[in-house]
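Chains U and V are the protein sequences, given in the same order. Just so we're aligned, residue 371 is where the first sequence starts under our numbering, counting upward by one. Just so we're aligned, residue 1311 is where the second sequence starts under our numbering, counting upward by one.
Bear in mind the hints are in silico, worked out from the structure with no lab data behind them. For every residue, glycine included, the Cβ atom is placed at its ideal position computed from N, Cα and C.
Below, simulated SDA-like cross-link-like pairs (lysine to any residue); rule was C-alpha separation at most 25 Å, straight line:
#1 U:K462 to V:T1432
#2 U:K727 to V:R1385
#3 V:K1469 to V:V1536
#4 U:K872 to U:R897
#5 U:K934 to U:L947
#6 U:K455 to U:P763
#7 V:K1449 to U:T734
#8 V:K1449 to U:G729
#9 U:K462 to U:T757
#10 V:K1401 to U:Q550
#11 V:K1377 to U:N730
#12 U:K842 to V:Q1336
#13 V:K1449 to V:L1489
#14 V:K1449 to U:L521
#15 U:K806 to U:P755
#16 V:K1532 to V:F1546
#17 U:K934 to U:Y649
#18 U:K716 to V:Q1445
#19 U:K520 to V:R1443
#20 U:K727 to V:D1387
#21 V:K1424 to V:E1496
#22 V:K1469 to U:Q550
#23 U:K850 to U:L911
With beta-carbon atoms standing in for the labels, derived distance ranges:
#24 V:K1329 to U:S810: 47 to 57 Å
#25 U:F642 to V:N1431: 46 to 56 Å
#26 V:E1439 to U:A967: 32 to 42 Å
#27 V:T1510 to U:V816: 54 to 64 Å
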Amino acid sequence: MESYTIHDYDVLVVGAGGAGLRAAIAAIEHGARVGVVSKSLLGKAHTVMAEGGMAAALGNVRPEDNWKVHFRDTLKGGGMLNNWKMVMNYTKEAPDRVRELERWGAVFDRTPDGRINQRNFGGHSYPRLAHVGDRTGLELIRTLQDHAVKLGIHAHMETTIYRLLTDAGRVVGALGFNRQTGEFLVFRAKAVVLATGGLGRIYQITSNSWECTGDGFSLASMVGADLIDMEFIQFHPTGMVWPPSVMGILVTEGVRGEGGVLKNSEGKRFMFDNVPERYKGEFAETEEEAERWLQGDRNARRPPELLTRDVVARAIRKEVNEGRGSPHGGVYLDIASRRPADYIKKKLPSMYHQFMKLGNLDITKEPMEVGPTCHYVMGGVRVDPDTQATNVPGLYAAGEVAGGLHGANRLGGNSLSDLVVFGRRAGMAAAEYAAKQSGSYQVDEVQVRAYIAEALQPFNNPQGENPFALMKELRATMQKNAGIMREESELKAQLEILANLKKRAWNTSVSGSRAYNPGWHTALDMRLMVEVSEAVVLAALARKESRGGHARLDYPDPDPTFAKINHIIRRSRDGNLTVVAEPLPEIPEELRKMAEAKDLKELSEKVGA
Amino acid sequence: MSTVTFRVFRGDRNGGEIKDYTVEVQEGMVVLDAIHQIQAEQAPDLACRWNCKAGKCGSCGAEVNGKPTLMCMTRLDTIDISRPVTVRPMKTFPVIRDLATDVKWNYEANKKIKPFTPAPNTDWIMFQEDVDRVQEFRKCIECFLCQNVCHVLREHDEKTGFIGPRLLVRTASLEMHPLDVENRLEMLKNEGGIGYCNITKCCTEVCPEHIHITDNAIIPLKERVVDEYYDPVLSFFRRLFGSKKQAQPTGQAADD
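Chain U with its partners taken away, still in its complex shape (with noise of 0.2 Å):
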């Protein structure tokens, strides 16, 4: 019979990006023991790959700005679909877990006078990305990696999670693999945290590394957790479109933050005749206002190439739509021209040097191609917005796999302060809802030895088919048919193609042993990638109208029915998924008015900046 070896903690992480370090870190401040398990090395979790910044209302370089311009901004940006108390608990926090990482030895970039250094993004109303060049989330990784060893962690390096342990309706561990040795782990643990990031891989271009394949959603939507918001996906505005091999890696917005400008094969800078209603009189209508701005004067408007990007990547799509593309299908960003080679080198590094070694392109010199890349989902899993809980007692969920922070579109730069803050909060949860445990509570063997069972079952099937294929297969068609624009019809005919590659995912074929298989690997990923995508073309299906990160070529427009409702993606008894449509949570009169805040003055007043 097949052995396993047996783990016991008080909270399990599972996931050792920002979120998942920032859950240990506080989890074990709070006396618990704690176990991390990594599909990957320490420190190479796709967080390290975060480029822009950090978004905290820090004032640091614009005094006026504070956590009440910060939550009106990203209410603005998503739809104003977020949850408002989560957005609230993140505004406010923010700076606080920006100057803690400082004193853990991260090292900011910084202002003439010595303090953090803060750039300007998309959607944001100031100077707000705490960073260091284009390499902010190694920054930020490292340092959560160096002061978790401080701090004695326990990581399960190169460790996959297959299936959550329930007992009795709550979470009581998982069970894994080491991807090194092939061998099973079964973890015992009185709360679980997830904090698995996101779900890039079901698309063919994405930003995303190989570990996004949305193990988190799936995972927890199989002990009955809810999802919510899962529609809106947001493709990034600019990734690489050329050589093919590397299309979709990203281009960080830090460019158009730094100055740079979106030009279509005409050489006309078209961001200028895409500004949506929203946020009409808050951005520059000539390239002579644009342009002052870039040089510092404050009366001046910001450029349109620093709208959010969802109406960003859409404009572009547009372009190449209607021919004005460049030759490889993007459209040009261009920073050559607009700041000196030096500059560009100090400020952008890894996007000179990416593009020097992967495009043979010097970007100091000439225009960059670029076209939308799936980025980062929106939705989630259903949390509470102060502890992180889902429904199910013993589950928490941190980071990207959470949902409800970021409405229908995600401001660039909310994500890696989205890690700490919430990373911090699951893992305080978690270990405060694990010390009040006493009950005892049992995993179930014969569950574990028939979920093994399943689990090897590739290797004991010839006929099979090749788990690679398959995955390529579900990129493509979630790519046509449930990617940047929808409609019903496509929507329709990936529903069911989905519900043929579930079918075949439970029919692969794998070779070799189980040390470090990839194959296998693949296999077991692509059951959980099914389950995924399923919840997001289902609620992409009910949603009819186009907001944020949701585009529909039926629906066109915003809806204001839609405007008052999340998706929750449920599963019933019978094991399939629907999509409920909940009112939003009732935000208070005071916040609304500040979410709505034309006049920015008005918010910073208040608080006397």
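Since the structure of chain U is already known, use the hints to place chain V on it.
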């Protein structure tokens, strides 16, 4: 489009063999793309470690035609593909399988380095010119290619009394942090084994982040160790008055 032969190491810590695979090459392809193509179409159990495919995570280090490099940043049009391309795992670390090596020694050796310890009651004001050097060191993506080529580790397998260039860089990032007050010189001299480094600069040559490992990190650290332990005049004064760094008052860091 052309076809290229890749000669890839297949095996584990008990040994293995080179196997040949034929790959269709497209414009702009990197070595990692070729490995992935082999995986998807010919050898689904071919093991390699990778994450970001953009030179940011440092997972996919290997030896391509004998040269240690990140597979994701090595374009096929920068190497000679008229002949077979050989891809082997990093030599310094035990092979887990195929191209994936066991690098956990680096994580263990890292624990010898005392953590960041800020000055008590600091106002956290740091100027850009004072952190430029530290930021250079903090660019490290922990690909361990420098560890792989360092002859102390590669040829002499000195993994108990030496921490290698990566961890010397990490030590430098802490020692040169404007607000850090910890002293790591004794560690460097003893279990860190900085004396083993004889400045051949192999590490600097392979660093994908172009960190000046030898000139900016290791040599200044060597000088500090020499000043601390081998300068007779300074040593005399230090015995009289105590080390400057250790003389700092201790206490809780300001946390406003």
